[in-house]
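Protein chains: 2
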Amino acid sequence: MNQKVGKASVRLEQPVYIMQSASVVGTKEGEGPLGLLFDKVGQDDMFGCKSWEEAESTLQKEAVGLALEKAALRPEDISYVFAGDLLGQSMATSFGLSTYQIPLLGVYGACSTCGESLALGAMSIAGGFADKVICVTSSHFASAEKEFRFPLDYGNQRPLSATWTVTGSAAFVLSALPREGGRKPKARISAMTIGKVVDYGLKDSMNMGACMAPAAADSLEQHFVDFASQPKDYDKIITGDLGKVGQRVLIDLLRKKGYDISEQHMDCGLEIFDAASQDTHAGGSGCGCSAVTLSAYILKQLEENNWRKVLFMPTGALLSKTSFNEGLSVPGIAHGVVIEAM
Amino acid sequence: MNQKVGKASVRLEQPVYIMQSASVVGTKEGEGPLGLLFDKVGQDDMFGCKSWEEAESTLQKEAVGLALEKAALRPEDISYVFAGDLLGQSMATSFGLSTYQIPLLGVYGACSTCGESLALGAMSIAGGFADKVICVTSSHFASAEKEFRFPLDYGNQRPLSATWTVTGSAAFVLSALPREGGRKPKARISAMTIGKVVDYGLKDSMNMGACMAPAAADSLEQHFVDFASQPKDYDKIITGDLGKVGQRVLIDLLRKKGYDISEQHMDCGLEIFDAASQDTHAGGSGCGCSAVTLSAYILKQLEENNWRKVLFMPTGALLSKTSFNEGLSVPGIAHGVVIEAM
Numbered sequence: 006m007n008q009k010v011g012k013a014s015v016r017l018e019q020p021v022y023i024m025q026s027a028s029v030v031g032t033k034e035g036e037g038p039l040g041l042l043f044d045k046v047g048q049d050d051m052f053g054c055k056s057w058e059e060a061e062s063t064l065q066k067e068a069v070g071l072a073l074e075k076a077a078l079r080p081e082d083i084s085y086v087f088a089g090d091l092l093g094q095s096m097a098t099s100f101g102l103s104t105y106q107i108p109l110l111g112v113y114g115a116c117s118t119c120g121e122s123l124a125l126g127a128m129s130i131a132g133g134f135a136d137k138v139i140c141v142t143s144s145h146f147a148s149a150e151k152e153f154r155f156p157l158d159y160g161n162q163r164p165l166s167a168t169w170t171v172t173g174s175a176a177f178v179l180s181a182l183p184r185e186g187g188r189k190p191k192a193r194i195s196a197m198t199i200g201k202v203v204d205y206g207l208k209d210s211m212n213m214g215a216c217m218a219p220a221a222a223d224s225l226e227q228h229f230v231d232f233a234s235q236p237k238d239y240d241k242i243i244t245g246d247l248g249k250v251g252q253r254v255l256i257d258l259l260r261k262k263g264y265d266i267s268e269q270h271m272d273c274g275l276e277i278f279d280a281a282s283q284d285t286h287a288g289g290s291g292c293g294c295s296a297v298t299l300s301a302y303i304l305k306q307l308e309e310n311n312w313r314k315v316l317f318m319p320t321g322a323l324l325s326k327t328s329f330n331e332g333l334s335v336p337g338i339a340h341g342v343v344i345e346a347m
Numbered sequence: 006m007n008q009k010v011g012k013a014s015v016r017l018e019q020p021v022y023i024m025q026s027a028s029v030v031g032t033k034e035g036e037g038p039l040g041l042l043f044d045k046v047g048q049d050d051m052f053g054c055k056s057w058e059e060a061e062s063t064l065q066k067e068a069v070g071l072a073l074e075k076a077a078l079r080p081e082d083i084s085y086v087f088a089g090d091l092l093g094q095s096m097a098t099s100f101g102l103s104t105y106q107i108p109l110l111g112v113y114g115a116c117s118t119c120g121e122s123l124a125l126g127a128m129s130i131a132g133g134f135a136d137k138v139i140c141v142t143s144s145h146f147a148s149a150e151k152e153f154r155f156p157l158d159y160g161n162q163r164p165l166s167a168t169w170t171v172t173g174s175a176a177f178v179l180s181a182l183p184r185e186g187g188r189k190p191k192a193r194i195s196a197m198t199i200g201k202v203v204d205y206g207l208k209d210s211m212n213m214g215a216c217m218a219p220a221a222a223d224s225l226e227q228h229f230v231d232f233a234s235q236p237k238d239y240d241k242i243i244t245g246d247l248g249k250v251g252q253r254v255l256i257d258l259l260r261k262k263g264y265d266i267s268e269q270h271m272d273c274g275l276e277i278f279d280a281a282s283q284d285t286h287a288g289g290s291g292c293g294c295s296a297v298t299l300s301a302y303i304l305k306q307l308e309e310n311n312w313r314k315v316l317f318m319p320t321g322a323l324l325s326k327t328s329f330n331e332g333l334s335v336p337g338i339a340h341g342v343v344i345e346a347m
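As you go down the protein sequences, you meet chains A and B in turn.
Heads up: the first sequence at position 2 corresponds to 7 in my numbering, and the numbers run straight through without jumps.
Heads up: the second sequence at position 67 corresponds to 72 in my numbering, and the numbers run straight through without jumps.
So here's chain A without its partners, still in its complex pose (with noise of 0.2 Å):
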């Protein structure tokens, strides 16, 4: 039997493999430091579309379509599709993935919607509801510029703890079976920890960071007393986007907590840019961000046995221009997924 564990965890009594996964990337991201091992970076980051939402949603259209293509899977082998990304009514999924045709449950939460689909989608495959699913997230800057902070032509100034947000959008294939067709799986999917809203009551929307990081301290706390494990049992904890500044602010509160994770933390938005060369100030962030980094580099690592196994924690900022215009704080929350080799 699967098994709940603790107050918001879950260990699968099977893992669920991730079987295949591809990454799109735009310009600036293929730049950078992991540039080369994206499976796509496009020429420019228009995608050949009118707007930015739709060159967002083509990004989730054509990782889906690589994954696909990489499993040697076709569109009605899929059960469902868990989907999301960070522009209102979560449009860059409704219009990039209907041309598939497969049931899709869209999901939400913020920056940490990679973390929350793998983990909702590896629980319809160990509960029996699924042989196969895919999970897919995206971000663009542009789309993301406009539809929370400011026009772009405006050239609004950006403090240095601002991060940027990834142009790019990752897919999953996650599947009951270990093998399928002699191909051996990516990784496997072990465990998970849900986490809830955190709001220490900040307000700034350009230090993203260290809105989240009391999010990823209070879901990585849970997780290490579910568990009743220590961060030296992982090769790597990876937060999704929390940036320079956010990444202080983690270590500093988790050391609080008695918890020492400074030798195993890695955060996916201080590895997809070279803030110094690329003018990105505190990092990389955005859905796509923690998505692309775990197809691109983390998966890589971990099939390359360089790593055993990881906690993959993507963090998420949850304001709107709306709450934002109105005074509101920035409350954040943080979903993990255990990863191992195979």
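Distance condition first, Cα-Cα at most 35 Å in a straight line; then the derived DSBU-like pairs of lysine-lysine:
#1 A:K151 with B:K326
#2 B:K12 with A:K9
#3 B:K9 with B:K237
#4 A:K151 with B:K55
#5 A:K9 with B:K305
#6 A:K305 with B:K12
#7 B:K9 with A:K45
#8 A:K9 with B:K314
#9 B:K12 with A:K189
No wet-lab data here; the hints were simulated from the structure.
Use these hints to put chain B onto chain A, whose structure you have.
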């Protein structure tokens, strides 16, 4: 074992029980035909708050609080809350539920979200990942008009095909156990069908019934095919908020597919208001419409054994103000849940 059935459906090995539910609505809903059945009717639609969005958050908060109270449970008894609303970045959920500190899985399917939350909530219990979960959704007339259409002060004229967004929220406590402290459940969830995005290219956000009807027809046909069932196998086939226009389109579309649901069909949007006297045109709509009608009216009919088995299928229109302003179509989606009397 739980069983995937056909292309898009699931049959639960053990049913999941709806232990309790609670509904909170606005004044107009309180004056409608179901007015006396709701657990709480607000005195005014601000619910003591400073903004419409905060009022909608309060709806969710109160619905969850009431459902917990009626079930004699504390927030810490609940494994997860599956929640969503119509606002950008699910703002009502993020700010309404943080007080309970229950692990949160945000879901989005426009006005189909109530169906999606119940389907995923039931899966999480049937799969052994949770003991009890809460599913909650909301909508608010004024926050929805602001989010999707025009400022209320502008006094935009509404065509007769337009629906009226319901101000309301309902929360459902699902449990693996058929009895808890001597309490009998209200009903049980035995199966579900997950919908896909269906886009007929319609662009009229003032006629969402017609935009959503093709999705409802698609999911209903899929359900009948997956379970080799017929309309007569259900006492009621209940859509969320198609309204008058959408109902006609749905019945016509399904006739062409060889299914006549005219005897069994009921639409929550047509039940909640008296269109003639309440000036709501085509009917009620919104994430809250199907949720409060399920809680206050449908579950009551099942409890009183007036109905034995219903197919509850909320319908969603996947539009955003950005997609509308960019001239895109309004695709639909519909998720179905089979609910049976005890």
